[in-house]
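Q: Here is how the chains run, residue by residue.
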Amino acid sequence: MLQIKPILAALKRHKAGTILIALQIALTLAIVCNALFIIQQRLDRIARPTGLIETNLLTLQNGWVGVDDKSTGPLVRADLQAIRQLPGVEDAIATNSYPLRGGGWSTGVRTNPDAKKSEAHTTQYFVDDHALATMGLKLIAGRNFRADEVTEVDPQGVVSASQIIVTKALADKMFPDGSGLGKVLFVDDGTKPSTIIGIVERLEVPWNSSWSDAFLDNAVLEPYQLTGGYTSYMVRSKPGQLAAITKSVPETLFKLNRMRVIPSERGVRTYDMVRAQAYKSDRGMAILMGVVCLVLLAITAAGIVGLTSFWVGQRRKQIGVRRALGATQRDILSYFMTENLLIGIAGVVIGALLAVGMNLWLVTQFEMARLSLLYVAIGVVALLLLGQGAVLAPAMRAARVPPVEATRSV
Amino acid sequence: MFAYYIQLGLRSLRRNPLLTALMVMAIGFGVAASMTTYSVFRATSNNPIPDKSSQLFVPLIDNWGPEDAAQNKGEPPEAISYTDAMGLMRGHRAKRQTALYPVGPSVIPADASLLPMREESYAVYADAFAMFDIPFLYGGGWQPADDDAHAATAVIGRKLNDKLFNGANSVGREINLDGRSYRITGVMDTWDPQPLFFDPVNTSGFGDPIQLFIPFTRAIDLKMATNGNNNCNKHAGEGWDAWIRSECVWIQYWAELPEQADAASYRDYLRGYAAEQQRSGRFHWAPNVRLYNVPQWLEHEKVVPQEAKVSLLVSLGFLLICLVNTVGLLLAKFMKRAPEIGVRRALGASRKEIYAQFLIEAGTVGLAGGLLGLLLTGVGVFGVTLVFAPDIARLATLNMSLIALTLLVAVLATVLAAFYPTWRAAQVQPAWQLKSN
Chain A
139 MLQIKPILAA LKRHKAGTIL IALQIALTLA IVCNALFIIQ QRLDRIARPT GLIETNLLTL
199 QNGWVGVDDK STGPLVRADL QAIRQLPGVE DAIATNSYPL RGGGWSTGVR TNPDAKKSEA
259 HTTQYFVDDH ALATMGLKLI AGRNFRADEV TEVDPQGVVS ASQIIVTKAL ADKMFPDGSG
319 LGKVLFVDDG TKPSTIIGIV ERLEVPWNSS WSDAFLDNAV LEPYQLTGGY TSYMVRSKPG
379 QLAAITKSVP ETLFKLNRMR VIPSERGVRT YDMVRAQAYK SDRGMAILMG VVCLVLLAIT
439 AAGIVGLTSF WVGQRRKQIG VRRALGATQR DILSYFMTEN LLIGIAGVVI GALLAVGMNL
499 WLVTQFEMAR LSLLYVAIGV VALLLLGQGA VLAPAMRAAR VPPVEATRSV
Chain B
181 MFAYYIQLGL RSLRRNPLLT ALMVMAIGFG VAASMTTYSV FRATSNNPIP DKSSQLFVPL
241 IDNWGPEDAA QNKGEPPEAI SYTDAMGLMR GHRAKRQTAL YPVGPSVIPA DASLLPMREE
301 SYAVYADAFA MFDIPFLYGG GWQPADDDAH AATAVIGRKL NDKLFNGANS VGREINLDGR
361 SYRITGVMDT WDPQPLFFDP VNTSGFGDPI QLFIPFTRAI DLKMATNGNN NCNKHAGEGW
421 DAWIRSECVW IQYWAELPEQ ADAASYRDYL RGYAAEQQRS GRFHWAPNVR LYNVPQWLEH
481 EKVVPQEAKV SLLVSLGFLL ICLVNTVGLL LAKFMKRAPE IGVRRALGAS RKEIYAQFLI
541 EAGTVGLAGG LLGLLLTGVG VFGVTLVFAP DIARLATLNM SLIALTLLVA VLATVLAAFY
601 PTWRAAQVQP AWQLKSN
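Heads up: the protein sequence lines correspond to chains A and B, in order.
Per my numbering: the first sequence ends with 548, consecutive numbering throughout.
Per my numbering: the second sequence ends with 617, consecutive numbering throughout.
Treat each hint with caution, since some may be false.
[Said to hold, decoys possible] Within a straight-line C-alpha distance of at most 25 Å, the following computed DSS-like cross-link-like pairs (lysine-lysine) qualify: (1) 321(A) to 311(A); (2) 208(A) to 393(A); (3) 330(A) to 414(B); (4) 489(B) to 418(A); (5) 150(A) to 455(A); (6) 254(A) to 253(B); (7) 489(B) to 393(A); (8) 306(A) to 330(A); (9) 208(A) to 414(B); (10) 482(B) to 253(B); (11) 232(B) to 275(B); (12) 255(A) to 414(B); (13) 516(B) to 532(B); (14) 253(B) to 414(B); (15) 253(B) to 255(A); (16) 276(A) to 376(A); (17) 414(B) to 254(A); (18) 276(A) to 306(A); (19) 482(B) to 418(A); (20) 330(A) to 254(A); (21) 516(B) to 455(A); (22) 253(B) to 489(B); (23) 255(A) to 376(A); (24) 403(B) to 232(B); (25) 403(B) to 208(A); (26) 276(A) to 311(A); (27) 330(A) to 208(A); (28) 311(A) to 330(A); (29) 276(A) to 255(A); (30) 532(B) to 321(A); (31) 276(A) to 254(A); (32) 143(A) to 455(A); (33) 276(A) to 208(A); (34) 150(A) to 516(B); (35) 516(B) to 153(A); (36) 311(A) to 414(B).
It is worth saying that the hints were derived from the structure and are not from the lab.
Whole structure, please, built from the sequences with the hints as guidance.
A: This is the structure:
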């Protein structure tokens, strides 16, 4: 520590190099902090549970051909009956959507039908009494739908059902004291009351973009089977039978009725595929940022090695003089380490400010969250360690300069 | 002299292999990262119809009122209702105009061994073909009279024509959609504007090329529901008739207004239209209308994915760091040669010549970095499939202009980075250098 004064004096003579290293550390810190933060946010999103039991689950997109939209009800029922009878199939449902599918229904909910504004936003899933078993939802209060409660409706004429099952998140939002079961909700702007007969622990909305984050876990299940040109099927296989039913279900459907379109892309997907495709850009972004961070740190380290090596080369004679005057190898080593630490500290101070500033700007531009200072702290420590690591080799070479160097050349 | 300096530069690349390798790598990685992300950004922020982008306009009309608009910064809904679409069509104030919406009819091939299929399809008016500069391989669009007659006509894409008619001229032949027969009036040549400017609301701007157009009036007759978004501010009521009379918004509208004055008078017309709706009691609020041209509309719909913007920014930061790094390394490299510079100066080289020599040397370093960067950009462009959805990733390609740009950026950036180190090199005092040696 006694050496700080002479180091500062020496640095003054190497202004350009000092500034360059500090600047590089500062910029690297700013970018690495923000990149790490983006990675963490993306990983958090990917880790969000859908509420489904995602193993052994298959999804199909079916479009009807040449059938009037109102007359598809019997066709869907025939499909479901055929699928449920297949060997390897545990259960199946027809639904308008499912979590991570991307498209679906959403609407407002209120407890008071006269309220002008809705109190919460929710998605609507139109399913039958097999939904809990097929999706793998956990019923934490009340009961499932009964088969006789399920009715067929035209999508353009949907009026909220008399009995509904809601997620715990929605029930707690509407009835904060936890007494949602048995209470009445008004879904849509209809004045028809819907009684909550059951509460499931969790079920996500079909979207995973930022607009739906505000009501991510708000879902209403209604005992309706929609008619219309499109139907989504979800099929739960018996353990180990997923691959087999992925082939047999579409084959059976085409055998039953050829007048349908199951798209070749995204028509038949296991839920693992649904998840991978839904979070593709999140995962990709995390990977990209990870690669950028690693390369950036490597380049910064290489830059420090390069410049310090140059300094050591330039100062061989001075080092020799110091060694001849009694400085130990340790003294020389610690001189260069301390020098790097001082530059590093200057760099991380500027870098921390840059990191926060960059994040504030990103927040205004891209609806991103505020950077947690923890990331800045991690980045600071990482870059200081990186600097010390990078300077180690040139500093050790400096320490090995023999005292006799002082007498070489004039 | 230039050739000689290049030769010197190449020779010096080999002299400090470590420093050189570090610099080449820094430049290579920096350039590759920025070019890869730029290729995606360029593809997504492309102007899809450069000749007409300032002549095609989307009108929006607030039919929901200020309470709903307040939730969206005062903006009207991003589509219009059937009532308003028909009102504007009747008004007929633009040179050309069309209402449009995505539909989902199934194509039933005449060959019974083929399964029915669904292609990207839209219901439009006859004007759409001329408005959007849609190219034709055979025939052309249907006539405005067909719109009025609610005719069963269709325009199909080249890909669909290949599937159904093996690429033969199918104009005048029939196509079976949902069991109904349509007469083909034209086969489009490959038409794949990116982003798909005429309906970013339903496609987010990037999707497969459209393969089928049918008349809007016919689609409404057949009660074809939209295959895209339908947004209602209140319950539409039951059935088709209630739906098309409702304030639900699901139709995109386009008007072609060639002159600036046309756009101004169309804006007045829209305001007048909304005011009339207010007078008639349908709107209980002052006119709130918008008129966006193509670039404004794509900006409004945020067509460039957030990933593309953020990663471009991060990559530019990355390039900046690589350049700072290069400045430092070049400084070290040049200052190591102070004695040599001293000798050259003493033998009569001017500062200008020192500048020329070292900048050219930096250029060779940049070129080497650019070549590495090119290789890495190739890997990166291949790797964007990891990050971006396939429909966007397919747009990012390594073409000639990207190759040229990569090399240019690498060389320019390195020469720029070399200015300070070169200035320092030129400041070397010959006498001092000679003496100390």
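Q: It remains to establish, for every hint, whether it holds in the given structure.
A: Right, here's what the structure says about each hint:
At roughly 13 Å between alpha-carbon atoms, residue 321(A) and residue 311(A) fall within 25 Å of each other, so this suggested pair holds. With a CA separation close to 23 Å, the supplied pair residue 208(A) and residue 393(A) stays within the 25 Å bound. A hinted pair counts as satisfied when its Cα atoms are at most 25 Å apart, and residue 330(A) with residue 414(B) qualifies at roughly 14 Å. A hinted pair counts as satisfied when its Cα atoms are at most 25 Å apart, and residue 489(B) with residue 418(A) qualifies at roughly 17 Å.
About 19 Å separates the Cα atoms of residue 150(A) and residue 455(A), which keeps this hinted pair within 25 Å; it holds. For the hint linking residue 254(A) to residue 253(B), the alpha-carbon distance of about 20 Å falls within 25 Å, and the restraint holds. The hinted pair formed by residue 489(B) and residue 393(A) fails the criterion: a straight-line CA distance of about 47 Å is larger than 25 Å. Straight-line distance between C-alpha atoms of residue 306(A) and residue 330(A) comes to about 22 Å, which keeps the hinted pair within the 25 Å bound.
Distance check on the hinted pair: residue 208(A) and residue 414(B) sit about 23 Å apart at the alpha-carbon level, within 25 Å; holds. A C-alpha spacing of about 15 Å is found between residue 482(B) and residue 253(B), which places the hinted pair at or below 25 Å, so the restraint holds. Between the alpha carbons of residue 232(B) and residue 275(B) the distance comes to roughly 13 Å, so the proposed pair stays at or under 25 Å and holds. Under the criterion of a C-alpha separation no larger than 25 Å, the hint pairing residue 255(A) with residue 414(B) is consistent with the structure, at around 11 Å.
Taken as a hint, the residue 516(B) and residue 532(B) pair is honoured in the structure, with Cα atoms around 20 Å apart against an allowance of 25 Å. Distance restraint check for residue 253(B) and residue 414(B): the Cα-Cα separation of roughly 20 Å lies within the 25 Å cut-off, and the hinted pair is therefore satisfied. With a C-alpha separation of about 18 Å, the suggested pairing of residue 253(B) with residue 255(A) holds against the 25 Å cut-off. A threshold of 25 Å between alpha carbons decides the hint, and for residue 276(A) with residue 376(A) the separation of about 18 Å falls inside it, so the pair holds.
With a C-alpha separation of about 11 Å, the suggested pairing of residue 414(B) with residue 254(A) holds against the 25 Å cut-off. Taken as a hint, the residue 276(A) and residue 306(A) pair is honoured in the structure, with Cα atoms around 10 Å apart against an allowance of 25 Å. For the suggested pair residue 482(B) and residue 418(A), the alpha carbons sit about 20 Å apart, so the restraint of at most 25 Å is met. The hinted pair formed by residue 330(A) and residue 254(A) meets the criterion: a straight-line CA distance of about 15 Å does not exceed 25 Å.
For the hint linking residue 516(B) to residue 455(A), the alpha-carbon distance of about 15 Å falls within 25 Å, and the restraint holds. The straight-line distance between the Cα atoms of residue 253(B) and residue 489(B) is roughly 23 Å, inside the 25 Å bound, and the hint therefore holds. For the hint pairing residue 255(A) with residue 376(A), the CA-to-CA distance comes to about 45 Å; that exceeds 25 Å, so the pair is violated. With a CA separation close to 33 Å, the supplied pair residue 403(B) and residue 232(B) exceeds the 25 Å bound.
A hinted pair counts as satisfied when its Cα atoms are at most 25 Å apart, and residue 403(B) with residue 208(A) qualifies at roughly 11 Å. A hinted pair counts as satisfied when its Cα atoms are at most 25 Å apart, and residue 276(A) with residue 311(A) qualifies at roughly 19 Å. Proximity of residue 330(A) to residue 208(A) is assessed by CA-CA distance (about 23 Å); at most 25 Å being required, the pair is judged to hold. With a C-alpha separation of about 20 Å, the suggested pair residue 311(A) and residue 330(A) falls inside the 25 Å cut-off, and the hint holds.
At roughly 31 Å between alpha-carbon atoms, residue 276(A) and residue 255(A) are farther apart than 25 Å, so this suggested pair is violated. Distance restraint check for residue 532(B) and residue 321(A): the Cα-Cα separation of roughly 87 Å exceeds the 25 Å cut-off, and the hinted pair is therefore not satisfied. Straight-line distance between C-alpha atoms of residue 276(A) and residue 254(A) comes to about 33 Å, which puts the hinted pair past the 25 Å bound. Using a Cα cut-off of 25 Å, the hinted pair residue 143(A) and residue 455(A) holds, with the two alpha carbons roughly 20 Å apart.
For the hint pairing residue 276(A) with residue 208(A), the CA-to-CA distance comes to about 33 Å; that exceeds 25 Å, so the pair is violated. Distance hint between residue 150(A) and residue 516(B) is fulfilled; the C-alpha atoms sit about 19 Å from each other, no more than 25 Å. A distance of roughly 17 Å separates the Cα atoms of residue 516(B) and residue 153(A); the hinted pair therefore holds under the 25 Å criterion. Between the alpha carbons of residue 311(A) and residue 414(B) the distance comes to roughly 22 Å, so the proposed pair stays at or under 25 Å and holds.
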